[in-house]
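Work the whole structure out from these sequences, hints included.
First to last, the protein sequences are chains P and V. Following the numbering used here, the numbering of the first sequence begins with 1 at its first residue and continues without gaps. Following the numbering used here, the numbering of the second sequence begins with 1001 at its first residue and continues without gaps.
Rather than coming from a laboratory, the hints here were simulated on the basis of the structure. Quick reminder that beta carbons are idealized off the backbone N, C-alpha and C, glycines included. Any given hint could turn out to be false.
Sample of chain P residues with no beta-carbon within 10 Å of chain V, all distances over it, derived [claimed, not checked]: (1) 133; (2) 307; (3) 310.
Straight line, CA to CA, 16 Å or less: simulated EDC-like cross-link-like pairs of lysine to aspartate or glutamate [unchecked claim]: (4) V:1066 to P:231; (5) V:1066 to P:241; (6) P:64 to V:1033; (7) P:77 to V:1094; (8) V:1106 to V:1078.
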Amino acid sequence: KVMNSLAQRVTTARALAASGMPARGMAVSAKALKIRIKSVNSIQRITKTMKMVAASKLKGFQSKMEASRPLVGAINKVQNKFIEFNNAEDAAPAATEGTPAGELLVAMTSDRGLCGAVNSSIVKAVRNDVRENNKTNFGIVTVGDKGRSAIGRLFPDNMRLQVTEAGKKPPTFLQASLLAEQINGIEASSASMYYNVFKSAIAYEYEKAELPSRALFVDNGAKFAAEYELEYENDDVILADLYEFALSAKLFNGLLETATCEQSARMAAMDGASKNCGELIGKLTTQMNRARQAAITTELCEIVAGAEAIAQ
Amino acid sequence: MFLRQSAGRVLRKAAEAAAMPARVTVSLLSPHETLVSGEFESVTIPGSAGDFGVLPGHVPVVAELKPGIVSVKSSEKDAENFFVSSGFAFVNADSTADICALEAVKVSELDVDAVRKGLEQAKADANSAADDDAKAAAQVALEVFEAMDAAVKAN
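Structure representation (structure tokens):
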């Protein structure tokens, strides 16, 4: 609710200042401008606070994300081996019975707004992917309310799962595993994750990553076993377990990167908003001073004219 | 010609010697921190099929972990012990071992009282479990706490 009124007040203040004159054609009074300046000032205080909060959260999220990278890197190394085997010419044929189950698109967005273009870039990417490739057999998983509302409006019949409150605190591996379990329960032949990768405090990049499917690991198990000895307690369970671990790790990384990008984008957006407020305050102050001086001049003229009239 | 032949032989021997490093590069990783990253003489890993030791030149292995102790030795007497809850260990052909654990902690940092309490709670839960899901969860907890208990006692 605070967000909506904040956005509205900024728009209204901007529109009023741009128009300069009020609707009725009367001179803008210094008093009215003073009230407007006070309002923009309070907005600036809010945006500055939000920037500081986002900056401090960013520190925490970023350190957690960087700490997770070694483990995710190790798992990616293994997953890439399976992908290598899968793409090789003599790869084992995929087991296809009946109609293919369709693909799953996992969109990573935030719950709250005022964070720049992080969410719109993901929504656009999903929309373009579906439209350009004329996809019809697909399901959508949205993480974050912003994605849910935007993508839900675009493809209401394809929504399979909606996750919320993922970016409030740094996501844990447990949460990622729970999400993996849910996603695993949805029938799909392949899955991809659309998310923003954190490059620096001022830069992030959109990326589409392939999420491992159970088939990727199980179908290429023989080739993998030729290179690596598999030590396991129960037959075949190890490949399925490895798949689940890899899926959780990939989702964990996606959740962390998304949450970190949200904070950095919000910090940049609030910084921009504070600067804009500052400029607006400057413009309004100048206008107010001019109005005040004009009022004084008018009064002086009246006094002088009156004095002249009496002197006559 | 004789000089060229012997030079070739020397180079080949040097290449073979360099092929097997003197130490194992071990990384013990959890989702929120890197506990070990360095070169060691050997590392013992608690695989679900049994504990196994990794020396340089070990055959590549992918092992699912069971709750137990990862022990990195920088020399015969100098060993550091870590308790891991579960995960996977990948031993690669270049004598690097990546141990990806869900939870890992130095055994010396385990709280003996908390472990004992947890073990008792897990035993009680396992006995009173109502459905299959609860029973399975309780069984997992019991395994982990029993391993933790053994680790703490052995320390």
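Structure-based check of each hint:
1. With a minimum CB-CB distance of about 34 Å to chain V, residue 133 (chain P) clears the 10 Å threshold, and the non-interface call stands.
2. With a least beta-carbon separation of about 81 Å from chain V, residue 307 (chain P) lies farther than 10 Å from that chain, consistent with its non-interface assignment.
3. For residue 310 (chain P), the condition that its CB be more than 10 Å from all CB atoms of chain V holds, with the nearest at approximately 86 Å.
4. Among the hinted pairs, residue 1066 (chain V) with residue 231 (chain P) is consistent with the structure: their alpha-carbon atoms are about 11 Å apart, no more than 16 Å.
5. Using a Cα cut-off of 16 Å, the hinted pair residue 1066 (chain V) and residue 241 (chain P) holds, with the two alpha carbons roughly 13 Å apart.
6. Among the hinted pairs, residue 64 (chain P) with residue 1033 (chain V) is consistent with the structure: their alpha-carbon atoms are about 8 Å apart, no more than 16 Å.
7. A distance of roughly 14 Å separates the Cα atoms of residue 77 (chain P) and residue 1094 (chain V); the hinted pair therefore holds under the 16 Å criterion.
8. As the CA atoms of residue 1106 (chain V) and residue 1078 (chain V) are separated by approximately 15 Å, the hinted pair is consistent with the 16 Å bound.
Violated hints: none; the structure is consistent with every hint.
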